[in-house]
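On the provided structure of chain A, position chain B as indicated by the hints.
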Amino acid sequence: MFSGLADKLQHTLKQLRGKGKLSEKDVDAAMREIRLALLEADVNFKVVKDFIAAIRERAVGHEVMESLTPGQQVVKIVNEELTRLMGEKPSGLSAAKKGPQVLMLAGLQGSGKTTTAAKLAALMQRSGKKPLLVAADIYRPGAVRQLEVLSEKIGAAFYSNPEDKPEQICRIGIARAENENFDPVILDTAGRLHIDQQMMDELVAIKKAAAPAEVLLVVDAMTGQDAVNAATVFNETVGISGIILTKLDGDTRGGAALSVRAVTGCPIKYIGVGEKTEQLEPFYPDRMASRILGMGDLLSLIEKAGAAVDQNKARELEQKLLKQKFTLDDFKDQLVQLRSIGSLEDILGMLPEGAGIPKEMRQVSLNEGNLKSIEAIIGSMTKKEKVDPSIINSSRRRRIAIGSGTSVQEVNRLLNQFGQMQKMFKQMGSTEQTGQFKKLKKKMKKGFPF
Amino acid sequence: MNKIDRFRSSLVRSRSGFLDRLNHLIRGGELDFDFYEQLEEILISGDVGVETTLKLVHELKEEAIAQKVTNRESFRSLMIQKISALLAAPPGPAVPTEPPLFILLVGVNGSGKTTSAAKLAGFYKDLGKKVIMVAGDTFRAAATEQLEIWSVRAGVELIRQHSGSDSSALFFDAINAAKARGIDVVIGDTAGRLHNKYNLMEELNKIYRVIGRNLPGAPHQVILVVDATTGQNAVAQARSFNQALPLSGLILTKLDGTARGGIVLAIKDLLDLPVLYIGTGEQLEDFAPFDAETFTAALFE
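For the protein sequence lines, the chains are A and B, in the order given. Going by numbering that gives the first Met the number 0, the first residue of the first sequence is number 0, and it counts up by one from there. Going by numbering that gives the first Met the number 0, the first residue of the second sequence is number 0, and it counts up by one from there.
If we strip away everything but chain A, and leave its shape as in the complex, we get (with noise of 0.2 Å):
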């Protein structure tokens, strides 16, 4: 998740961080790099505009030139800027004024409020609501029954009647939630482009009818430039009450998550990170801030491991990582518990940059494909390789690349990402660390599981 931004501010940041002062060029040649690559992450231009004349007037100043590291202040100046614009504090739902909460959606085709709708109220029953799905969208084929379909799949109460207009539909749906006690009522309406006035209209009209506590704009993570003129439009024609951003799992750099929340003023309230009815959460600006800067997103990882993760194994881990003896043996252990905390991609875009993770690493464990003959690799070891794998010389290579069913390469490549590993927990170790590392390192006292 915004990888590529991270990647390109952190090589900039990196060269600023070497520096004992700051002089004016370095700040213009640190801006122009960030604004690239904010117009590369399609963050608008003219949001980037006003973003980098914010980032310099407080570059420049006396606060960066008086510091002993301007390097870091910048990094930190940016950081703020960037929290700051996403909206400070996570953002909550409105609650109704009276009668259950409407939460009405609304967005371009294709954005995912459909599939958003369900997710919404598969989180309202995990905190042990009952949900109403109400489906407006009369248009698109099929739209109406794939509600439907994942309403009965997360057992959540359905209405809709593809006979009436959909502000009639959200009428009923209301008052059945309200005679039958359902609450919240989440309405999904059609997709419409901003520029088709009649169907503007008829967001109108919704919004009319159903009152509801929230107006949710759906915006697809992938957006580019166009991003600010749909939701623009869509918050003066209809008035929106906050964003929903879409397919965030994706390797996109998100830009739009910027724009949207700059021209409209209003807060992003959940990511959508996954095709799975429970993969919505909710938005942390300050950990997406953290996370462009490539300091990756450790409160969501801990939270993650935290939730999934069995308390005593992860301390007798803990134990195993101090002294250094992690075996091969846990390491695959490792593989199949942090995989139940989500994929593998997810939890190394969490981890910051430059924490001591090598990116030939990165890039190996990405492929999850890899993870069966990675076991079964493990599986072909005897005890004492397990334990020792610096006394597999070539011919056990070979025997156990013929008893894993795998290539001698894809065993060497193990073994190298292991001792990477490995290498890494030294360094998590020993006492040059960063303040980051301290706080995870704290963390996983508490249960976290390397």
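Simulated from the structure, these hints should not be mistaken for lab results. Among the clues, some could well be false.
Using C-beta positions, here's what the derived DEER-type ranges look like [said to hold, decoys possible]:
#: 1; chain 1: A; residue 1: 408; chain 2: B; residue 2: 296; range: 48 to 54 Å
#: 2; chain 1: A; residue 1: 370; chain 2: B; residue 2: 66; range: 53 to 59 Å
#: 3; chain 1: A; residue 1: 275; chain 2: B; residue 2: 29; range: 39 to 45 Å
Straight-line C-alpha distance at most 25 Å; calculated DMTMM-like pairs for lysine to aspartate or glutamate [unchecked claim]:
#: 4; chain 1: A; residue 1: 24; chain 2: B; residue 2: 50
#: 5; chain 1: B; residue 1: 128; chain 2: B; residue 2: 281
#: 6; chain 1: A; residue 1: 97; chain 2: A; residue 2: 79
#: 7; chain 1: A; residue 1: 24; chain 2: B; residue 2: 268
#: 8; chain 1: B; residue 1: 54; chain 2: B; residue 2: 281
#: 9; chain 1: B; residue 1: 205; chain 2: A; residue 2: 409
We put the CB at the ideal spot given by N, CA and C, even for glycine.
Coordinates of chain B only, in the frame set by chain A:
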């Protein structure tokens, strides 16, 4: 708040975007530094991307000097010429010596594959071909129902299976059906997938191989469906899909919005993948073969 307000009002002015700004820019006087810088900004704001924009503007500048173009009006024709040359597709995509022609549509979620499948089916039907569609998206809820409604509208038969079944097997059966019935064109829809999902891309490759095994040389065309509102990520999409299975080109959808789809310049420039068709609305007939000159002219009209 101030900043947001200021930004909003500037947006209102530029809502019609790309087009107006380019015309405004070109109506001015001489080609100066300011002109090129503004041109860069306009191209970037049309999602052309930083790399391709810088390259394009640099080359245009050189050519303007070489051809002694000094005013903006004549620069305009130079630019149209240059961009349409860049976008021009090689002569028609692959067609087999004997039918059926198998076309597979792929793309990320929500790009418009299913709608495009129906439009493409309608397109070939209008050419007098016997067409079937294959509801290969067995994952997304009601995707098959969606295509079924479209197949009725297009008057084209649909090969389908129940949701959750193996789409490779479905394609295998569809080819047998096509051969038995003397079908000219088979159009396969697939489930939307993000290009960085290893397993899903592997699955796509499997579909590709299964099709080729049952019908040698097929799929004859693999078309990536790209939403015109997509930003720079479309390049990554094209690159990854092209690695999983060889792409013939793109369908650029949702061009009826305000997005100009400038990303196709970058995709053509960086990966040499041409746009084959464009989608411009929700009706079956809102669809046309891509024409580089018309498309480019529309950018500047």
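Hint check:
{"no.": "1", "hint": "A/408 to B/296: 48 to 54 Å", "result": "holds, 53 Å"}
{"no.": "2", "hint": "A/370 to B/66: 53 to 59 Å", "result": "holds, 58 Å"}
{"no.": "3", "hint": "A/275 to B/29: 39 to 45 Å", "result": "violated, 58 Å"}
{"no.": "4", "hint": "A/24 to B/50", "result": "holds, 23 Å"}
{"no.": "5", "hint": "B/128 to B/281", "result": "holds, 23 Å"}
{"no.": "6", "hint": "A/97 to A/79", "result": "violated, 38 Å"}
{"no.": "7", "hint": "A/24 to B/268", "result": "violated, 33 Å"}
{"no.": "8", "hint": "B/54 to B/281", "result": "violated, 35 Å"}
{"no.": "9", "hint": "B/205 to A/409", "result": "holds, 22 Å"}
Consistency with the previously given hints fails for numbers 3, 6, 7, 8, ordered from lowest to highest.
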